[in-house]
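If you want the building blocks of each chain, they are given just below.
Protein chains: 2
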Amino acid sequence: MPTTATLQRRDTLRTRLVSIAEATIRVHGVQSLKARDLAASAGCSVGAIYNVFGDLSDLVLVVNSRTFSKMGEELAKAVAAHAGNPTDELVGLSVGYLSFARSNTNQWRALFEAESSNGEDAPDWYNEQLGGLFGEIGRRVKLLHPNMADSDVTLMSRTLFSTAHGMVSLGLEGRQSGVPLDELERMIGTTVRALAQIDKF
Amino acid sequence: MPTTATLQRRDTLRTRLVSIAEATIRVHGVQSLKARDLAASAGCSVGAIYNVFGDLSDLVLVVNSRTFSKMGEELAKAVAAHAGNPTDELVGLSVGYLSFARSNTNQWRALFEAESSNGEDAPDWYNEQLGGLFGEIGRRVKLLHPNMADSDVTLMSRTLFSTAHGMVSLGLEGRQSGVPLDELERMIGTTVRALAQIDKF
Chain A
1 MPTTATLQRR DTLRTRLVSI AEATIRVHGV QSLKARDLAA SAGCSVGAIY
51 NVFGDLSDLV LVVNSRTFSK MGEELAKAVA AHAGNPTDEL VGLSVGYLSF
101 ARSNTNQWRA LFEAESSNGE DAPDWYNEQL GGLFGEIGRR VKLLHPNMAD
151 SDVTLMSRTL FSTAHGMVSL GLEGRQSGVP LDELERMIGT TVRALAQIDK
201 F
Chain B
202 MPTTATLQRR DTLRTRLVSI AEATIRVHGV QSLKARDLAA SAGCSVGAIY
252 NVFGDLSDLV LVVNSRTFSK MGEELAKAVA AHAGNPTDEL VGLSVGYLSF
302 ARSNTNQWRA LFEAESSNGE DAPDWYNEQL GGLFGEIGRR VKLLHPNMAD
352 SDVTLMSRTL FSTAHGMVSL GLEGRQSGVP LDELERMIGT TVRALAQIDK
402 F
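Chains as they are written, first to last, in my numbering: chain A, 1 to 201; chain B, 202 to 402.
Just chain A, with the same shape it has in the complex (with noise of 0.2 Å):
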């Protein structure tokens, strides 16, 4: 059984690699984040990590449940500035989204291109965080049509997340298929707008 001190020292290796992995996606991206650096970063062997974490997919993670946390507020707040009636607060999330993910680029992408984020994989508390965000969508849904099935309101806020996130996706990409930057927010929001108002489908 470890001591005391042992356990204190892995919790704080543990606080410095989740804070160094952050700066390093921030900055260069997910693909760039490698043990061997981040050993050196963190003043320790490389071993030493994968005795914190199992796979440096597991750290990813981590730092993934920090920018979702981030998301959320940051979407609260979107919210708050467009509040009024639930087409217009899912039109806020939407732009809110695209805000986000423009002002943190690369730790968005790296929600979608880390491996095991896909649901299967992921622990049950990452996918707790993830349908947190979800319920914002379905509960807006669900306040504009009462009477539509619970499936059904899933299935449009996925349909509202996806397709929202397929503009962003392209337009910062800067893709000749994508809409252009400064168009982004009012074509999402045109685009929400239409969806919103699906009662049957």
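Please keep in mind that the hints were generated in silico from the structure rather than gathered at the bench. Here the structure is a predicted model, which is why all the values come from computation and not from measurement. One or more hints might be untrue.
Claimed, not checked - Taking lysine to aspartate or glutamate and the EDC-like style, the derived pairs with C-alpha atoms no more than 20 Å apart in a straight line are: (1) A:K200 <-> B:E329; (2) B:K278 <-> B:E386; (3) B:K401 <-> A:E173; (4) A:K200 <-> B:D383; (5) A:K142 <-> A:E183; (6) B:K401 <-> A:D182; (7) A:K200 <-> B:E384.
Position chain B relative to chain A; hints supplied.
Okay, now just chain B, sitting in the frame of chain A:
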């Protein structure tokens, strides 16, 4: 000035490299394309590859161009199957896009993963090919909304593509945030029909 025999050897090597690269991308994905492996498969030196293609991304661009052609043919069939009014044809294009991405996932992904497929960096012939596919969308938007300004037709075409692309991407990756595979076609159709109705934005 190179002799005819040199030019022919170069041309034969070019064809062989494109064919090997296409097979590698199809089976293993564009990330697996390495000059050393290519050279070994083609029975040439690494230098010979760079003599034919300035850069591996130029080779990827040629493969992507072939993927576009193949996709164009399949989209034409999908439209024919949904032919009727322009809205149905837009649904056909989107469902065809889903179907193509599902059957040719790695080649389809390469269209978006290749760095130089960004509009600014890609050569004119590539952008013209992409423009041709968007012309198919825009033509139908214009039929639905004859008085819509051309700039708005372009914006709506990109919006239609981006929304369908977002749903296809997250759905095919099996993301928890995406629409489940067995509901994708229905929800893409729902989205396209809602967007196709929008006259002003």
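Against the structure, the hints come out as follows:
no., hint, result
1, A:K200 <-> B:E329, "violated, 39 Å"
2, B:K278 <-> B:E386, "holds, 16 Å"
3, B:K401 <-> A:E173, "violated, 26 Å"
4, A:K200 <-> B:D383, "holds, 18 Å"
5, A:K142 <-> A:E183, "violated, 29 Å"
6, B:K401 <-> A:D182, "holds, 18 Å"
7, A:K200 <-> B:E384, "holds, 14 Å"
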